[in-house]
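J.: Using the sequences and the hints given, assemble the complete structure.
Going down the list, the sequences are from chains F and C.
Quick note: the first sequence uses the working numbering, first residue 140, plus one each step.
Quick note: the second sequence uses the working numbering, first residue 9, plus one each step.
Read the hints as simulated data drawn from the structure, not as lab findings.
A quick note: this is a predicted structure, and the numbers were derived from the prediction, not measured.
The C-beta atom is built at its ideal place from N, Cα and C for all residues, glycine as well.
Some clues are possibly wrong.
Here are some chain C residues the structure puts well away from chain F; computed CB gaps all over 12 Å [stated by the list, open to error]:
| hint | residue |
| --- | --- |
| 1 | P42 |
| 2 | E58 |
| 3 | E65 |
| 4 | A77 |
Only part of the chain F face toward chain C is listed, based on derived beta-carbon distances under 10 Å [what the hints assert, rightly or not]:
| hint | residue |
| --- | --- |
| 5 | D260 |
| 6 | P262 |
| 7 | L265 |
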Amino acid sequence: MCSIAADPDEFATALRVGHSGIGDRAGYHGQTSRAAADLTDFDFGTALADLSPPPDLHRAAVRLVGRAPLSLRASTVVALQAWRSAGLWEEPVVGERVGVIVAGHNLTAAHTDAVRPRYLDNPRYLPATYARHGLDTDHIGTISQLLGIHGEGFTVGAASASGNLALINGIRLIGLGVVDVCLVIGALTDLSDLERQGYYNLGAMAEQSGIGPFDTARAGFVPGQGAACLVLESTASAKRRGRAASARLIGYGTRLDGNAATDPDVTGEAAVMASALLDAGITADRIGYVNAHGTGSDLGDRTELAALERVWTGHSGRPLLNSTKGLTGHCLCAAGVVEAVAVIVQLRDGFAHGNAGLRTPMATGFRLPTTATMMDVEYALSNGFGFGGFNTSLVFHRTNG
Amino acid sequence: MSTLSEPSTELILAAVREAVVTVVPEVAPELVAPGRTLTELGCNSIDRAEIVTIAMERLRITVPIGDFAEVGDIASLVDVLHRHHP
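T.: See below:
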């Protein structure tokens, strides 16, 4: 769920028509930038009811999550969407063989700001739930309780690469045989005022909306509110349950730059894409579509294009390239999972969405469509890079399921 | 201590009832009565702590956490809250 859709079907439609959730939002008092792709009309009670969960689960979710911070409400909705879509109520897997990984850290800053006035009034008025809601791991505790998950679980922190790295860890848990099924949730990053302003003061955040990633006039990212969940499953388990996969994750690369600063590194980015391809056992020319990290950062977009060019050197032809962030904003910790869903629906439905806000494209051999373009592609690549020197890349294979 | 400024037990029970209904929305308000315990109304330890916090905030009083150790039911909770006010 995000600023342009409440569920994956709506998301596929929104991507196809190029519906952007980015706007200049009122209410960011004292903030220099108001560009944001916030959720609109999200009501947890309604979203929950729309999923028609079993009555016990419905009651438990209202009780555990009804008054929880926004990020946890969003994680709960997408986890239930994914659980239902994977048929885990009809054909369950025993709890000890299910894991849950949440991509996200620093998820509680906005909640802390919201309860601070009560604390300042009188320290004893700080809600006792702060001990629970003040921790990122509340997502793991809550989702595992609601869905009876007894295998392993943890949060994954890699800044804007958290989503991809969480998927990588899910693949590893399944590959090791620790679990057969693993939920991977990209947690909605609800920025506090300080965090928002911090990004702006760094020069990383766009002052206003309207210019998209890979445009020569780009001037930073627009934050987006979004959450997504994928159910990863071993082939054997899916076969036992008689379920078809919507896609296969066939390779990944992950690497640190060894850099505490926020600048990206072309060598690290190119290396991680190359490792992902090697891991997947395919060459670059088999990739028909790349979902870029593409934040709209001046240096970031330039570095990624240069890294992509390095990986494709010596190959004729270049794949389609887009950045979902032009439509959804930068969902930060959740980005990698939101964009994984974008890759899956585009592979399935045979289109690459347009690059929003692209008027004067940067020079590149990669094809940057501005509107949805038909494609018949088997293999796709999805990049995620994060402050702190994180580089990640995933290879997806279309299934006909 | 003037009787005019001292919150009555009814007021305190009302604040506790409001707090319970906030934390456990499915509980019928009339069940929040002196004879019952929070546990039987479906509250776990975090719920009970949160109910106390919300009630104190509503009543504008402060009670040290240790004072709640002896509390067994709603009647004794109201009693502890009643004993403490600025």
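J.: Indicate, hint by hint, whether the structure satisfies it.
T.: Hints and how they fare:
1. P42: Label holds. Min Cβ-Cβ 23 Å, cutoff 12 Å.
2. E58: Its Cβ does come within 12 Å of chain F, the nearest being 4 Å, so this is violated.
3. E65: Check fails; 4 Å does not lie beyond 12 Å.
4. A77: 15 Å, holds
5. D260: It holds, given that the least Cβ distance between F/D260 and chain C is near 8 Å, below 10 Å.
6. P262: For F/P262, the interface hint holds, since the closest Cβ of chain C sits about 9 Å away, which is under 10 Å.
7. L265: 7 Å, holds
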